[in-house]
Every structure is written in C-alpha cells, then in structure tokens.
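**Student:** These are the residues of each chain, in order.
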Amino acid sequence: GESVGLHLPTLSVQEGDNSIINCAYSNSASDYFIWYKQESGKGPQFIIDIRSNMDKRQGQRVTVLLNKTVKHLSLQIAATQPGDSAVYFCAETAPSNDYKLSFGAGTTVTVRA
Amino acid sequence: ETGVTQTPRHLVMGMTNKKSLKCEQHLGHNAMYWYKQSAKKPLELMFVYSLEERVENNSVPSRFSPECPNSSHLFLHLHTLQPEDSALYLCASSLSFGTQSNEKLFFGSGTQLSVL
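Read top to bottom, the protein sequences are chains A and B.
If you read the first sequence in my numbering, its first letter stands for residue 1, the second for the next number, and so on.
If you read the second sequence in my numbering, its first letter stands for residue 1, the second for the next number, and so on.
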C-alpha cells in the first residue's frame with residue numbers, strides 16, 4: 001500500500017544551526033504535501049505546504065523542498081530556536097484518496113542550548 | 001489558537017464507563033474529522049463528516065460512536081472501551097472534504113484518554 005514516512009525518528013540540533021527534516025513518500029500520484037508541527041500538549045499546527053507543480057516554497061524561517069523524481073520531501077528550519085522543539089509530521093494527498101491527508105510517524109526535534 | 005476547540009483535555013475512564021468527547025470549530029468549515037494518535041504511530045483517521053453526513057468510517061470498532069449535529073460540532077461517544085484505546089484523540093476541520101485546494105486540516109489540541 002501507499003505510505004508516507006520520515007527518514008529519522010529523532011533529530012538533535014544546536015540552537016542557531018539549520019535543521020533539515022526529511023520525508024519519503026511512495027505514491028507517485030500525490031500532488032499536495034504539508035508539514036505540521038506538534039508541540040507537547042497541543043494538536044498539530046500547520047507550518048507550510050507545497051503542490052506538486054512546485055519544487056520549493058519558503059515561509060518565515062522555513063523552506064519546503066519537493067523532489068518528485070525520488071519522491072522526497074524536506075523541511076528546512078533556519079536558525080533553529082528552542083521553540084522549534086517539537087514533533088514534525090509530513091503528510092500528502094492524492095486524487096485517488098479523496099484528497100485525504102496520509103501522515104508519516106513524525107520526527108522529534110530537540111534543540112540544544 | 002486554531003479555531004478548533006476540544007473538551008475535555010484529559011479523560012480517565014473505566015472500561016464500563018460511557019463518556020463523550022466534544023469538538024467545536026469556529027472556522028465556518030464544512031468537514032470535520034476524528035483522528036487517533038498513539039505513541040510512535042502515524043495519525044489514524046477514524047471518521048469524517050461532510051456537511052453533517054458521515055462520509056468515512058475506517059473500520060472503527062462500534063464502541064466508538066460519532067455524532068455530528070451540525071457543521072460546527074462533532075462528538076465522539078465512548079462506551080466499553082479497552083485499555084488499548086488509550087490515546088490522544090484529535091478533532092480537525094477543513095473547508096470541505098474530497099476537493100483539491102481544501103486539503104489543509106486545522107486541528108484541536110486533543111483529548112488525552114486513559115482507559116483503566
């Protein structure tokens with residue numbers, strides 16, 4: 001079946017450094033991708049999204065890169081701050097799945113002071 | 001604040017109890033969702049309501065019973081649960097269901113459920 005997964009379950013990063021969180025997907029028909037951040041005790045919060053007609057999209061301190069050739073998605077966080085410590089989820093949708101989001105298991109990011 | 005409010009935040013119940021989880025969205029969305037989040041696992045979609053009609057039921061045991069009285073409110077009624085049902089239950093909403101350009105979900109903070 002189709003699956004969405006992250007390469008590493010945990011990531012430790014020094015405050016001020018850049019973070020890169022990776023995600024692989026298997027459905028070549030996926031056409032929309034989204035990143036969520038979940039802090040302890042809270043629900044997932046939208047960070048950034050991208051459609052398959054784009055390779056890159058930038059937000060405030062975050063950039064999402066999409067490589068459709070190898071079915072790979074990444075989230076880059078610039079100048080990582082303590083408030084960035086959270087679990088990060090990627091998700092994707094496809095027309096064949098009624099555009100429902102399929103989530104990966106998440107990467108726990110810990111920022112070291 | 002995402003505009004999706006869930007109550008209670010925490011719930012402890014015995015296996016013979018009956019309880020309900022409540023979700024309310026103030027975003028004017030037409031679709032609402034229940035997800036189960038267990039440790040180290042991807043979010044599991046349980047139910048989807050679109051315009052107050054259930055459009056998805058992902059093989060969820062009958063001890064979970066959803067109710068959507070209107071497009072702003074969603075309930076999950078619980079009875080005779082098992083310890084393995086302990087998890088974070090998340091409610092979400094979207095502008096509509098099953099349409100491109102409206103895939104983004106807005107989540108509540110969840111109800112942390114413990115079944116003893």
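Incorrect hints may appear among the rest.
What the hints assert, rightly or not - Only pairs whose alpha carbons sit at most 35 Å apart, straight line, appear in this in silico DSBU-like list of lysine-lysine:
#  : chain 1 : residue 1 : chain 2 : residue 2
1  : B       : Lys19     : A       : Lys56
2  : A       : Lys71     : B       : Lys19
3  : A       : Lys68     : B       : Lys19
4  : A       : Lys42     : A       : Lys100
5  : A       : Lys42     : B       : Lys18
6  : B       : Lys104    : B       : Lys18
7  : A       : Lys71     : B       : Lys41
8  : A       : Lys100    : A       : Lys68
9  : B       : Lys36     : A       : Lys68
10 : A       : Lys100    : B       : Lys104
11 : B       : Lys40     : B       : Lys22
12 : B       : Lys104    : B       : Lys41
13 : B       : Lys19     : B       : Lys41
14 : B       : Lys18     : A       : Lys71
15 : A       : Lys71     : B       : Lys104
Quick caveat, the hints were computed from the structure, so don't treat them as lab data.
**Student:** Compare the structure with each hint and give your call.
**Tutor:** Quick rundown of the hints versus the structure:
no. : hint                : verdict
1   : Lys19/B x Lys56/A   : 45 Å, violated
2   : Lys71/A x Lys19/B   : 43 Å, violated
3   : Lys68/A x Lys19/B   : 45 Å, violated
4   : Lys42/A x Lys100/A  : 22 Å, holds
5   : Lys42/A x Lys18/B   : 25 Å, holds
6   : Lys104/B x Lys18/B  : 32 Å, holds
7   : Lys71/A x Lys41/B   : 21 Å, holds
8   : Lys100/A x Lys68/A  : 19 Å, holds
9   : Lys36/B x Lys68/A   : 29 Å, holds
10  : Lys100/A x Lys104/B : 9 Å, holds
11  : Lys40/B x Lys22/B   : 25 Å, holds
12  : Lys104/B x Lys41/B  : 20 Å, holds
13  : Lys19/B x Lys41/B   : 25 Å, holds
14  : Lys18/B x Lys71/A   : 44 Å, violated
15  : Lys71/A x Lys104/B  : 20 Å, holds
Consistency note: the structure conflicts with the earlier hints numbered 1, 2, 3, 14.
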